[in-house]
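Participant: Sequence:
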Amino acid sequence: MTPRADGQQADSAAPTVRADAPGVGQQPPMSQPQWPVGPQGQQWQQPPVSQPWQQPGPGQPMPGQPMMGQPQWQQPRPPYARAGSSSTPWLIGGAVVCAFLVLIVVAVVVGGNSDPDSPVVAAPTTTSSTVPSTYSTTSAAPTSKPFDWNSLDSASTDDTPLTVKALLPQSFTDSKGVLYTLRASGEHGCDQPGNSDNVSSAITSNGCTTNLTGSYIDKDDHILVSVNVLVFPTHSAARSAYDTLDGDVQDWGIWCPTTGLASDTCHGDIMSATRVQWSAYSHRYFTQATGIYIDLSDNSSLEEWCKAGANAAATTVGPKNYWQK
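Going by UniProt numbering, the letters in the sequence shown line up with residues 1 to 325, in that order.
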């Protein structure tokens, strides 16, 4: 914010702020209030090893042959076989020898596996190809565009709700650490009988369309801060109204609750009380605030407290209250 007098920094659009000199004006009207997170397998055991085959000793028959000197049964030859050409005993003997050799081979193979140094042939394994799983990448959620403050420069692009809830915060704290809360609010016409003529002319000639008003009271119930949020069609219109009143003595009507605390302030001698006025403009909004003691005290030592409250209000109310949440 670029202050006209005793201003303070505000939002990105840098509203312009100034202290306005109050003068003698007409008695202001009262406002109409709108009260406002498996088990393991057994160990493998080596199979018993077959006894190795041994050469028979002298006088001992070969396996499958009869003992010498003992009678032996001979199979009768078939009628059609020729003498001396019997083939059956040879066939039987050959079968016995073959069977005996098979036993020897089996014994050697089984016995050989007992050698701890013999190679172990692993069973063939089958491999299956694994199809790689497909996955989809999710793109990060698009980030929202930063708010375009320039959209507040014209009624055709400004989406700010023109309501008390949107434009007036429920509370604010001034530079002295004093907390103010909203006690009454409303929507009214731009021009009011309590305004001085130059104020009325400036705001009406530049096409003010809406005025949201509020009454804030500090936590100790000493000071009333009355605010106006005047809405114009364009940024240039709001600036023109602001510039027109630059340096002029001006009076703004104040807004009081219709009942309860500070409801009588609007019926007293406002012009004789110590009061401080501040105004600012930002985009198409012209904001104005007046700080005054509820009991209408007239004491210069109170001015700095009224000034802190009015300045904070003028630079806090308006569209940024809605868009910076």
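It should be emphasised that the hints constitute simulated quantities derived from the structure, not laboratory data.
Fair warning: there could be bad hints in the mix.
Simulated restraints on C-beta separations [to be verified]:
no., residue 1, residue 2, range
1, 259, 159, 16 to 24 Å
2, 297, 159, 24 to 32 Å
3, 198, 323, 36 to 44 Å
4, 264, 173, 37 to 45 Å
In silico lysine-lysine, DSBU-like type, Cα no more than 30 Å apart, as pairs [stated by the list, open to error]:
no., residue 1, residue 2
5, 219, 176
6, 307, 145
7, 219, 307
8, 307, 176
9, 165, 176
10, 219, 165
11, 176, 145
The C-beta atom is built at its ideal place from N, Cα and C for all residues, glycine as well.
Participant: Against the structure shown, which of the earlier numbered hints fail to hold, in ascending order?
Facilitator: Hints 1, 2, 3, 4, 6, 11 contradicted; others consistent.
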